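So the chains spell out like this:
Protein chains: 4
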Amino acid sequence: MTEFDPKDMEYRFLGNTGLRVSCLSYGGWLTVGEDSEKVTKACFEAAWSRGVNFFDTAEIYSNGECEVVFGNVLKSLGWTRSDYVISTKLYFGFGEKSPNGRGLSRKHLIEGLEKSLKRLQLDYVDVIFAHRPDREGVPMEEVVRAFTQMITDGKALYWGTSEWSAFEIEHAHHIATKFGLIAPIAEQPEYNALKRDRFEAEYKPLYDLYKYGTTIWSPLAGGILTGKYSEGFGPGTRYGDQSSPVVAGIRKRWETPEGQAKIEKVRKLSKIAEKLGCTTAQLSLAFLLKNKNVSTILTGSSRAEQVYENLDALKVYRQLTDADIEEIEKILDNKPNYNALF
Amino acid sequence: MTEFDPKDMEYRFLGNTGLRVSCLSYGGWLTVGEDSEKVTKACFEAAWSRGVNFFDTAEIYSNGECEVVFGNVLKSLGWTRSDYVISTKLYFGFGEKSPNGRGLSRKHLIEGLEKSLKRLQLDYVDVIFAHRPDREGVPMEEVVRAFTQMITDGKALYWGTSEWSAFEIEHAHHIATKFGLIAPIAEQPEYNALKRDRFEAEYKPLYDLYKYGTTIWSPLAGGILTGKYSEGFGPGTRYGDQSSPVVAGIRKRWETPEGQAKIEKVRKLSKIAEKLGCTTAQLSLAFLLKNKNVSTILTGSSRAEQVYENLDALKVYRQLTDADIEEIEKILDNKPNYNALF
Amino acid sequence: MTEFDPKDMEYRFLGNTGLRVSCLSYGGWLTVGEDSEKVTKACFEAAWSRGVNFFDTAEIYSNGECEVVFGNVLKSLGWTRSDYVISTKLYFGFGEKSPNGRGLSRKHLIEGLEKSLKRLQLDYVDVIFAHRPDREGVPMEEVVRAFTQMITDGKALYWGTSEWSAFEIEHAHHIATKFGLIAPIAEQPEYNALKRDRFEAEYKPLYDLYKYGTTIWSPLAGGILTGKYSEGFGPGTRYGDQSSPVVAGIRKRWETPEGQAKIEKVRKLSKIAEKLGCTTAQLSLAFLLKNKNVSTILTGSSRAEQVYENLDALKVYRQLTDADIEEIEKILDNKPNYNALF
Amino acid sequence: MTEFDPKDMEYRFLGNTGLRVSCLSYGGWLTVGEDSEKVTKACFEAAWSRGVNFFDTAEIYSNGECEVVFGNVLKSLGWTRSDYVISTKLYFGFGEKSPNGRGLSRKHLIEGLEKSLKRLQLDYVDVIFAHRPDREGVPMEEVVRAFTQMITDGKALYWGTSEWSAFEIEHAHHIATKFGLIAPIAEQPEYNALKRDRFEAEYKPLYDLYKYGTTIWSPLAGGILTGKYSEGFGPGTRYGDQSSPVVAGIRKRWETPEGQAKIEKVRKLSKIAEKLGCTTAQLSLAFLLKNKNVSTILTGSSRAEQVYENLDALKVYRQLTDADIEEIEKILDNKPNYNALF
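Chains as they are written, first to last, in my numbering: chain Z, 1 to 342; chain D, 1 to 342; chain U, 1 to 342; chain F, 1 to 342.
Think of the hints as simulated: they come from the structure by calculation, not from any bench. The structure displayed is predicted, hence computed values, not measured ones. Watch out, some of these pointers could steer you wrong.
In this list, chains with the same sequence are indistinguishable; a pair is considered to hold if it fits within one copy or across any two.
What the hints assert, rightly or not - Here are the simulated DSSO-like cross-link-like pairs (lysine-lysine), alpha carbons at most 30 Å apart as the crow flies:
1) Lys290 to Lys178
2) Lys75 to Lys271
3) Lys75 to Lys292
4) Lys75 to Lys290
5) Lys75 to Lys330
6) Lys118 to Lys290
7) Lys228 to Lys178
8) Lys115 to Lys7
9) Lys262 to Lys195
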């Protein structure tokens, strides 16, 4: 059995709580294929051996399959429940035609968590996230009440938000205050060196007011910040598939002048990475870790080696000087400003 | 297995919640006879095939038998629990001589729900209604506390009222505010084209203040709005039974000048229905659906064909023009006005 | 100077407060003519000599003139402020074209009381009433906040409602609970032997829940309960004026079958009055005084003799036996029932 | 004396209150010159004669001079205080070097209002606005407490915000809930046909949750929507001044491709205006009035004729058909969408 080794890891509180999560963690959104359990188990073990204690999934990932895999892997690994932190996310349901099969109604939340726990073979998750805000008319009181009940029922220890506006998060806090309910403690936002406005500006008052936690997704901008696509989306690359209209759509966005300007920035980052002796991906992760409002970065991998490579970003983060940061900021030239945005 | 098909249905939020209910739904109050399970199953399947997702019963219906039948039918149909919405109602008990066998005491509510769930073979209902207000001296705090506990115990997702005055519903909200409890979200009122004061006037502030939901019963005024009794209560009709004193009482009320004036209105509605190519019942249901404060109309049927006929009211509702509504209003001549009533 | 003599008066608490008001009191709504100050002063003195301590007016009465007269009379009488209780009522404004010149907006309430106090030459009134509910969209929070501020500013000791529905009064209590504001303590309702539903049934829960106080207006149904119109609205009587369309409207209402049935009841009451050796008006007032939910009855008079006559209703009230009440109830045959109404 | 004539005006509630304001109103931000009192008085009288009852100023406008002029004009006009609604705005102070001379500290708010009231020669304003959010570290509790005190002190009836983010407004509501304080009721935002995101999208939840009121400034985008600059910023026009660097900055912004695209839209609007027989300015105001979340539009004028011209936008607004709006929307092509922005 792989040993859990925290000595090279940095742990951060997940928001204004006592829950400590490794600043780099494992996210399970990657498509699950044939060998999914074997692959996932290998990744879990690699992460575990370097002190990663936080694992994130969602009901929607592979329509529940990802939770099933996580559950089986955790069972076969036999780790002590108190040693790891696991979260899942509710909102999308998967494929039901039923009008109550998705969204943040009390019905979907209460029923959805029950199903997720069954798939995960767990009595509770540490954090349950609302995977999206529900903007179709569901009142916030309903949402906050349902998450509070999950916590008082012992089926989750905390609840969080994902891709909510700062307004919505503040409104949830307001409702929690108003009715004596439990407020969310963390957001799972998209954040990376090329997309910073929401995380650094819109959410800023949340860090000041609530020490709001964050579990970052898409830290590499869908791979663009690996530098692999700096020379184009050739065949064989992730975005090389000429037949998929979804992939074509993404490719098209990067091919606009704005997209190209961003890729040019990545090219320059790659030069800094080279100078520092690390990969562009590692540099990109290290840059995010420098932000104290990042609680943890979710990294996805389908191979143990990739897990190790991602985790080595910690070393880069520890080396990065103020001068390096300044240089990166100069290249990115996208530091957001609250007053300019609001 | 019958497929659930939502494509022709309209779903509405049940009050200020995220719970979506089909605007036409199935109510199980009809006397349950010999073939009750077979009949009910056929009706459930017919409704389901047209996207009906809401089914309502009560402890008092056939003294618990209706809940038993619902439970058996749901079990044999094998629908996914999250796909349908089910409610029951507590107040009347059935036949117990015990002083605590009915009413809204904490004792009857907590014990009554337990029994209903057993009969329904369910872990929880979606909505639990207080079938009547308890005006014998039970304080509102007791009532709101008991319903709040059902919800926090996971035995119901929401609670509602039935045949309460607007004052009583507001008082329940007041008590919920005062003690940090959970307020009711919907009323199950009697409402039809011939009886509009309470629904449209007395309850009006509840829609404005709380977006209070409604699950309508008696949408056809006990069948009068089918037009079947416009030529009298002949033998063979529902109200033709000359031996029953209850039936005689109802017949008598329709035979007063006020009753006859209403039947005259029904005759005129039948002419509009004929012009529109629908039944008087369908027109009556369609007229109610036009009111946005109607969340769902409970229709009772003892034959699948009748279910389909009722559901076809949706088509009529979609065709009804403002001019049609104006013509109907002119015939009914009973649009209520809050200021005149209070 | 007339001496205040409480010995024959009965004082009742005005709602759930410590404020004691004479159960018969003086209302100033009568049209104020040339000698208004002289006449009003004589009435005040007559009332005062029999222990009446409560005097009621409103901004709308004679467009502010009534308050001016009350102010001048009180000044000239030189009574000690703590010995009498005075109330006024805001809502109608008078004649301004300004959109904020009436209603229950904070603006009209705050500004309106300021003007009323100036006209009354007082620093504060004991009770300030909302003369009507504002149903044009003014939120209750606004209304309760404004009245609370009047009280905390020392410009009124209590606030009340007039012609509000029980729902609206309960909603005001809810809002007061919700925001920690001050709830109203009394209603000024129309109530008399011929009009009982609202007072005795609709308001019943308010007495049980809040010991809500009442200051009755129209205790004689616009004079009908004096018995003077039992033989018709002949020339010279209050409703004899053949030229006024308003008077004609009122006359017409009494000439319907329903109106005539009521007048027939008055005729029968007159016979009981005769038997008891009192006037029909005195009997009518005495009947109301028997209801413990009546805090005080406002009686209007334009002559001192009439004041004395009204106050003698107290003697009748003290004599009335249960058998008398039963006889009256039999004649009236209009005892309301909450369950039948709601 | 000019008569107040409300008959052609439309009044709207200012947020969730009972305060009614004319939907077109008068804002006093224009630079006050030599004849300022005479000019302002003429504008006030013109507005008044057409039913305008709302007048807005700010401490910063001409460094207090605007408030002085408003005060003198109101005094000389002798209008009844309850007939008009007046607001002022605090934040900027004017020219003080003192560290507490501006911002939303309790000190500046309490002291600032005192000074404004003196300049206005009034005991209270109807609405006091925070002219900007204070983002330098002033906690919201301080701000909400200070405004609450102004209201309970009787120096303002309501308070509002200006140019706050939706987040900040929600946070103010949260703080008001938390501490039992008074929440703001309206925002004074920049809003016009060329700048719609904040008003229509960011603020949308505020309308739904709080019926938040709005008093629009810059409805004509600094004059661009008059169409006067569609052919350039020639000498003699407002933006023609070649010597002022401020004016040059504004001119520059309109000369960018984005600016030019907007001016092209204005040209097309002018054609619709021509077709409808009104000015481009009137059409632009009418378009805003169609939005029910607009409580009132502040229009600035330095001549009575211009006041009349602006007020004639009401006629255009009443004529605008759905087809006209559709045509305008097609030209503008900037209808905002919450989900796209947040």
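* Hint by hint, which ones does this structure get wrong, listed from lowest number up? -> 1, 2, 3, 4, 5, 6 and 7
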